[in-house]
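Engineer: Listed below, chain by chain, are the residues.
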Amino acid sequence: MGCKTTGMPIEQNHRIENDEENPKVEKTQYQKLVEKLIYLSHTRLDITYVVSVVSKFMHDPREKHLHAVNRIIQYLKSSPGKGLLFKKGEKLSMKVYTNVNYAGSIVDRRSTTSYCMFLDDNLVTWWSKKQNVVARSSAEAEFRTMAQGVCELLWMKIILDDLKIKYEAPTGLACGNKSAINIANNPVQHDRTKHVEID
Amino acid sequence: MNEEIRALEKNETWEIVEKPKDKKAVGCRWIYTVKYQSDGTLDRYKARLVAKGYTQTYGIDYEETLAPVAKMNTVRIILSLAAHFGWEMHQVDVKNAFLHGSLEEEVYMKIPLGYGAINEGDKVCRLKKVLYGLKQSPCAWFEKFTQAMVSVGYRQSQGDHILFIKHFHNDKLTLLLVYVDDMIITGDDEIEKQNLRERLAAQFEMKDLGKLKYFLRIEVAYSRQVSLFLKGNTSFIFSKRLVSWVVRPLECQ
Chain A
1 MGCKTTGMPI
11 EQNHRIENDE
21 ENPKVEKTQY
31 QKLVEKLIYL
41 SHTRLDITYV
51 VSVVSKFMHD
61 PREKHLHAVN
71 RIIQYLKSSP
81 GKGLLFKKGE
91 KLSMKVYTNV
101 NYAGSIVDRR
111 STTSYCMFLD
121 DNLVTWWSKK
131 QNVVARSSAE
141 AEFRTMAQGV
151 CELLWMKIIL
161 DDLKIKYEAP
171 TGLACGNKSA
181 INIANNPVQH
191 DRTKHVEID
Chain B
1 MNEEIRALEK
11 NETWEIVEKP
21 KDKKAVGCRW
31 IYTVKYQSDG
41 TLDRYKARLV
51 AKGYTQTYGI
61 DYEETLAPVA
71 KMNTVRIILS
81 LAAHFGWEMH
91 QVDVKNAFLH
101 GSLEEEVYMK
111 IPLGYGAINE
121 GDKVCRLKKV
131 LYGLKQSPCA
141 WFEKFTQAMV
151 SVGYRQSQGD
161 HILFIKHFHN
171 DKLTLLLVYV
181 DDMIITGDDE
191 IEKQNLRERL
201 AAQFEMKDLG
211 KLKYFLRIEV
221 AYSRQVSLFL
231 KGNTSFIFSK
241 RLVSWVVRPL
251 ECQ
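These protein sequence lines map, in sequence, to chains A and B.
Just so we're aligned, residue 1 is where the first sequence starts under our numbering, counting upward by one.
Just so we're aligned, residue 1 is where the second sequence starts under our numbering, counting upward by one.
This is chain A alone, in the form it adopts within the complex:
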């Protein structure tokens, strides 16, 4: 395909939203293309977030959204043949790295959870999804993300226990927010964290 390549799958601080004024594009074709990208994100985690952005407009794609899809394709073209490499490591350990895009959505100001989990040194699962409530502070958003990451860890632990495979304890959880780590270490009821318990 004769398009230019690009080093980034999406513009920084993009403002992609529902746009009634933009001209419409063919719906089924857009859906087919995004569907393929979703499938591709099973082995390409670098496009997970951008694919989640463009797939929000499956019901009513506009020209602007199509441009975003084209940009992903340009990005993929710059790095074809990338995939996941599973290596043999020394010890079997589990680690989760979490991060959050606080109030990242310009439409409803919800935050986006993201984490990736490593088994040994191999990346096995990842996740990038908009949270379903509006967080009132970045610590709260981070804390939710950590909870999500712990869920994933526990699920993997169930599978490994089922297989009776021995792994290195303790498992690791990494997070970039000091106050969220404090909340996790010392879960005392707190004025500002009370509402987190509810969901």
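These are computed hints drawn from the structure, not numbers from a lab.
Positions of the beta carbon are idealized from the N, C-alpha and C atoms, including for glycine.
Keep in mind that a hint or two might mislead.
Stated by the list, open to error - Coverage of chain A stretches by chain B, computed from C-beta distances (three or more under 8 Å per stretch; other residues unrestricted):
hint, region
1, 73 to 86
2, 115 to 122
3, 147 to 158
Unchecked claim - Derived DEER-like restraints, expressed as beta-carbon distance ranges:
hint, chain 1, residue 1, chain 2, residue 2, range
4, B, LEU209, A, PRO170, 36 to 46 Å
5, A, ALA174, B, GLU219, 26 to 36 Å
6, A, LEU92, B, ARG155, 16 to 26 Å
7, B, GLN203, A, MET8, 49 to 59 Å
8, B, THR33, A, MET58, 22 to 32 Å
9, B, ALA221, A, ILE165, 22 to 32 Å
10, A, LYS178, B, LYS211, 43 to 53 Å
11, A, LEU154, B, ASP171, 23 to 33 Å
12, B, ALA221, A, THR28, 26 to 36 Å
13, A, ASP108, B, ALA221, 36 to 46 Å
14, B, SER151, A, GLN31, 35 to 45 Å
Since the structure of chain A is provided, determine the placement of chain B on it from the hints.
Structural biologist: Just chain B now, with coordinates in the frame of chain A:
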């Protein structure tokens, strides 16, 4: 087409009966596809009889419609474990998978076109086994398969139901991962893996695809026996159809 009919008859999929007054019969049709080999040459022509499942009604003709698909996460965990421990992976494929499931509900189907001379009167086929296209097919197949696995001593994982595990006293382990009709067999017990394949082959018609190379359109490459490389299919980016489409909407505005 004859091959498909033979497979269906061998399987005792249906019996011809008089149609009961109060029952509706599901229609059916033939689907023809051309199968290509991985290098693009013609492999074979394939005919498949499917029932028109969309005419079935929930609660009357079918109850459960669960389809057993693997979580991609589980697949990756197993693959990374296989890389870690250096397990060999085998891929097998079940032929006509859905036809193995047995049917609990009473389902009548119209007699397929081009089948025998008995195509007269109020005769219909009473289905004993499921056909492709019926709503309950995937569920019935998975149930049958689970029974088969349990009967040879395997246990379903609680973390993900598509994973079957068997442990031995000597700490050896065999795993089977199923994605509808595609399976990966792995583990550190060579003898058991061989046994399992033979036992499954005795019960279902299987195709042994050898070492895992291509699973769910994801390519698996090996290097030095221990590390694995997974690659998704990006060929759609470079296909002609996409080029013409991406260019067109911008022109026609």
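Engineer: Work down the list of hints and note, for each, if the structure agrees.
Structural biologist: Going through the hints against the structure:
1. 73 to 86: holds (count 10)
2. 115 to 122: holds (count 3)
3. 147 to 158: holds (count 3)
4. LEU209/B / PRO170/A: 36 to 46 Å: holds, 40 Å
5. ALA174/A / GLU219/B: 26 to 36 Å: holds, 31 Å
6. LEU92/A / ARG155/B: 16 to 26 Å: Holds, since LEU92/A and ARG155/B (Cβ atoms, about 21 Å apart) stay within the stated range.
7. GLN203/B / MET8/A: 49 to 59 Å: About 52 Å separates the Cβ atoms of GLN203/B and MET8/A, which means 49 to 59 Å holds.
8. THR33/B / MET58/A: 22 to 32 Å: holds, 28 Å
9. ALA221/B / ILE165/A: 22 to 32 Å: holds, 24 Å
10. LYS178/A / LYS211/B: 43 to 53 Å: For LYS178/A and LYS211/B the Cβ distance comes to about 48 Å; the hint holds.
11. LEU154/A / ASP171/B: 23 to 33 Å: Once the Cβ atoms are compared, 25 Å apart, the range 23 to 33 Å for ASP171/B and LEU154/A holds.
12. ALA221/B / THR28/A: 26 to 36 Å: For ALA221/B and THR28/A the Cβ distance comes to about 34 Å; the hint holds.
13. ASP108/A / ALA221/B: 36 to 46 Å: holds, 42 Å
14. SER151/B / GLN31/A: 35 to 45 Å: Given a distance of about 43 Å, which is inside 35 to 45 Å, the answer is holds.
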